[in-house]
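Here the protein sequences line up with chains G and A, keeping their order. Mapping of the first sequence onto our numbering: position 321 corresponds to residue 321, and the numbering continues sequentially without gaps. So our numbering is basically just the index in the second sequence, starting at one, shifted up by 327.
Check before you lean on any hint, since a few could be wrong.
[Stated by the list, open to error] No more than 30 Å apart at the CA atoms, straight line, and that leaves these computed lysine-lysine pairs for DSS-like:
no.: 1; chain 1: A; residue 1: K437; chain 2: G; residue 2: K139
no.: 2; chain 1: A; residue 1: K460; chain 2: A; residue 2: K391
no.: 3; chain 1: A; residue 1: K391; chain 2: G; residue 2: K146
What the hints contain is simulated information worked out from the structure, not anything from laboratory work. In this text, all values refer to a predicted model and were calculated from it rather than measured experimentally.
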Amino acid sequence: MLASLGQYRGVIALLVVFVLGCVYTPVARDTGLPIFLSLRTQLDILFEYCEYGLLATGMTLVILSGGIDLSVSSVLGFSATLFALLTVGYGWGIPAAVAAVVACGIVAGLINGVLAARFRIQPFVATLAMMTAARGAAKLVSGGIKVQPAAQPWYRLTEDTPAFFRWMTTALPGLGIQPATLLFLACILVMALVVKHTSYGRKLYAIGGNEEAARLAGIPVARVKLQTYALCAAFAALAGIVNCCRQDIGDPEAGFTFELDAIAATVIGGTSLMGGRGGMMFTLIGVLIMAYINKILSLNAVAIDRRMIIQAVIIVVAVLIQRQRRG
Amino acid sequence: MKRLATAVAALAIVLAGCQAKKPEPVVNGPGKEQARKYVIGMSQCNRGEPWRVQMDTDIAEAAKAHQELTVLFKDAQNKAEMQQSHVREFIQQKVDLIIISPKEARPLTKPVEEAMDANIPVIVLDRKVEGDKYTCFIGADNVKIGREAGKYLVEQLGGKGDIVELKGLMTSTPGQERHNGFMEGIAGSQIKIVFDADCQWLEPYAQREMKSALSRFPKIDAVYGHNDPSAHGAYLAARQEGKGREKTIKFIGIDALPHEGVRYVKDGLLTATFQYPTGGREAIATALKIFKGETVEKTITLGTRIFTKDDAETGGKPL
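Just chain G, with the same shape it has in the complex:
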């Protein structure tokens, strides 16, 4: 167990961050107990970061293949808006709305994949275009407003959002964990198995490691890339649904700049931006590190100026710790 942990250098960084959290914690004013160590805080940390976590799950697949996907933040915003529109506006049931939103996400991902794999447009450029287009689509379907009950006269729901919204974001009794958090954990754990133990996963590493060699070895590079971008966008769509439930509103601007956090979590975890090296469990650690840093800074009410600098320092430190593995 310890030996297998050894390859996850990120665990050290995570422990360092955790210790810092214990040292710099404000205390509850009535009981005097450190807030950082309370069970509620610990459970909230993952919940608050689960949208980024879902994005990072998909981002890891794309980065492993040697690509990048800048469009996840806009796909998130589009999905949040569409999900609110279908449920609040048109009064659809939850399963149908989820299916429709994920399907739209997959279409966006397939377009990314076709542009990157078939037309050989650099992933950075192809997904940059999708980032702009999906944001525009979000504003288009909502008519430029935030989707909430009675925002338009024809909306089916006029009083409150569907009960599903609150259920997703409220801790399950007895378990203390929100369904949204469970969704993220389930997604990343399943993808960890897929990446490690299926032929799709092996092809992904092969393409990211050396695309030309993978092609010569008979791996269907274009198809694997299509699948990868589609999966990434599907996770972004799920993140959009979570965002909509959490905000209780379909905001066309939702997710702005989230793609950078998703990339940062992936890289901090230890997945190489060059592709072919890293893995899903690394990203889980990266997500935890980012979530902990944010929580510690927020708990201490650190002012934004210093906060940004500290975040930058921590990212560099985490990556340095990673690099020792190879040094």
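Assemble chain A onto chain G, guided by the hints.
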């Protein structure tokens, strides 16, 4: 390993540096009752906007006069989900009172309810939450401010003239209200809006739109900017045109921040600016009342002040 140790040490130092400036929350143990200390949690939705920075400044300055108060400022960087965690953190920390200036009503309604359920009073500033589960709402009246701006221009132009309206983001309620109020203010006069544009509160956009207006209309008597940066952008556009029209056109704006609108008025760039008060001082005054056990009004509507060259130095004139 050495590099790792150095990096960790550096990190600890940086964090410690931040810690040094952080006011220590006070634990009220038994036997420490002689001077009751109060901790107020303040969640600001976006310190990227100068007006909101001013709100925090107003709160900090008002609180400084009362030694028993400590205010913890948090900035949500324009993210509603971050503001949700702010409120929950304040609840865990058991602060005595929460002040929140929400980014959006719906997402913050539930957290504010949770705070009220935990017996923590909540003062909502500027933008409302849904329902009525909060202690007090403090906000200004954009319709009134727009109306005063309209009436002022009617008076200044003698009841007639061609004007340009540089609007704020028209999908937002402040933009709509500043427009509607202004239309009420100029109703019945012969003032005509010959050109208008949605500048989204941004000075560069206002400057660009004003250039179009200047090239299309040889006669412009006044410019109504929905905020001071818009009015200032329009002034710069007129000056860049090089025909000296910036001296004849009257530019008026809204917000009247000390380092922004009020300064432009003092420097003679704008004719007038109308204050959109932040409510920061009123929030602290209300908090003190709540701590004393006094009842406070559910809704406090703030007045506005006009700043012109004559009275900008002396703090403007209430309207």
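Checklist entry - Is it true that the CA of K391 of chain A sits at most 30 Å from the CA of K146 of chain G? => result violated, 38 Å
Next on the checklist: Need the status of pair K460 of chain A, K391 of chain A: alpha-carbon distance at most 30 Å?
Outcome noted: holds, 29 Å
Checklist entry - Can the restraint linking K437 of chain A and K139 of chain G be considered satisfied, given a maximum Cα separation of 30 Å? => result holds, 26 Å
Consistency note: the structure conflicts with earlier hint 3 alone.
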